[in-house]
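Sequential numbering of the sequence shown, starting at 137, is according to my numbering.
Do not rely on the hints blindly, as some may be mistaken.
Unchecked claim - What follows is a list of derived Cβ distance ranges for each label pair: (1) His370 with Asn250: 19 to 27 Å; (2) Gln219 with Ala335: 26 to 34 Å; (3) Glu383 with Pro303: 34 to 42 Å; (4) Pro361 with Asn143: 48 to 56 Å; (5) Arg367 with Arg429: 40 to 48 Å; (6) Arg418 with Asn143: 49 to 57 Å.
The set of hints was computed from the structure by calculation and includes no laboratory data.
Glycine included, C-beta positions come from ideal geometry on N, C-alpha and C.
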Amino acid sequence: MSQGGGNRQDEARVVSLRHEGEDAAASLPSLLAEADRIAATVAQGVHGRRRSGIGETFWQYRHHRPEDGRQAIDWRQSARSDQLFVRQNEWEAANTIWLWRDGSASMRYTSSRNHGAKVDRAAVCQIAVAALLTQGGERVSVLGESAIARTGALGLERASRRLALGPGDAASVEAPNISRFGRVVLASDFLDPIETWTARLSRFAAMEAQGVMLRVIDPAEEDFPYAGRTRFEHPGGGDSLLFGRAEEARSAYRQRWAEHGARLGDLARQYGWTLVTHRTDRPATSAVLALYRALAREV
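Taking the hints into account, I'd like the entire structure generated from these sequences.
Set out below in structure tokens:
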């Protein structure tokens with residue numbers, strides 16, 4: 137291949153990616169506006185969070201990461217070995233909330249124009265919670281996309297963009313990079329097998345982290361309102377399933393759905409987490425309030 141051909145392909149890829157980014161960013165203002173409104177509503181009904189310290193008590197040393205920058209290096213501790221270290225104080229380590237919004241194909245599903253996709257509702261709820269937390273002086277960070285936890289307007293702005301537009305890769309919860317005793321909010325439909333989520337939560341437990349599972353579901357997923365000849369397609373493409381009379385599968389489906397939800401609840405309790413289930417046809421305010429109160433109980 138000639139160099140000119142390679143350059144044209146690179147340029148075409150840049151244009152394509154730019155257009156994809158512009159399309160994705162188009163929904164950001166409306167998501168942020170909705171999250172701001174919800175946060176303001178919830179803030180009227182809750183009190184400020186308690187804080188365990190002012191950040192002056194030494195907590196631990198951790199290995200330096202590239203995104204930390206040179207200014208974060210503790211040179212005295214680093215001089216004692218061949219590795220670089222960062223000094224963490226108690227408030228910083230114990231009062232960071234790590235957020236994650238699932239970006240998998242199933243989260244793009246919506247059964248009606250009257251309510252948005254699960255991925256957008258999850259982002260709105262997470263951003264609203266981030267707004268409440270940063271207003272209270274807490275630090276927030278997005279798993280896999282924002283290693284440095286920040287508070288205030290800057291922390292909220294960075295977290296919001298990543299929650300709205302980020303990929304939400306599964307790798308972020310399969311190999312989480314967080315400090316010990318951190319708190320976590322995972323927003324997903326949790327449709328992966330229970331065994332998959334058991335393995336993921338066990339990794340957080342190894343870091344002595346606890347948190348909240350925000351289960352965002354579409355009403356059709358719970359109610360199974362289908363009847364007659366219906367084809368169901370996998371959200372990621374590939375196999376499909378055709379029913380001649382979908383209503384005949386309703387009872388068995390609802391039973392399996394209830395069993396999956398019950399097992400998720402058991403899993404959350406096993407690891408000391410809180411499970412919050414939220415339907416996209418209902419106001420997001422109740423979900424945000426439940427998330428905020430669950431996090432407040434962990435202080």
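Tested hints:
Take His370 and Asn250: their Cβ atoms lie about 24 Å apart, and the range 19 to 27 Å holds. The hint said 26 to 34 Å for the Cβ distance between Gln219 and Ala335, and at roughly 29 Å that hint holds. As the Cβ distance of Glu383 to Pro303 is approximately 37 Å, the hint placing it in 34 to 42 Å holds. In this structure the supplied range 48 to 56 Å holds for Pro361 paired with Asn143, their Cβ-Cβ distance being about 52 Å.
The hinted range of 40 to 48 Å is satisfied by Arg367 and Arg429, whose Cβ atoms lie roughly 41 Å apart. A C-beta distance of roughly 51 Å is found between Arg418 and Asn143, which places it inside the suggested range of 49 to 57 Å.
The structure agrees with every numbered hint stated previously.
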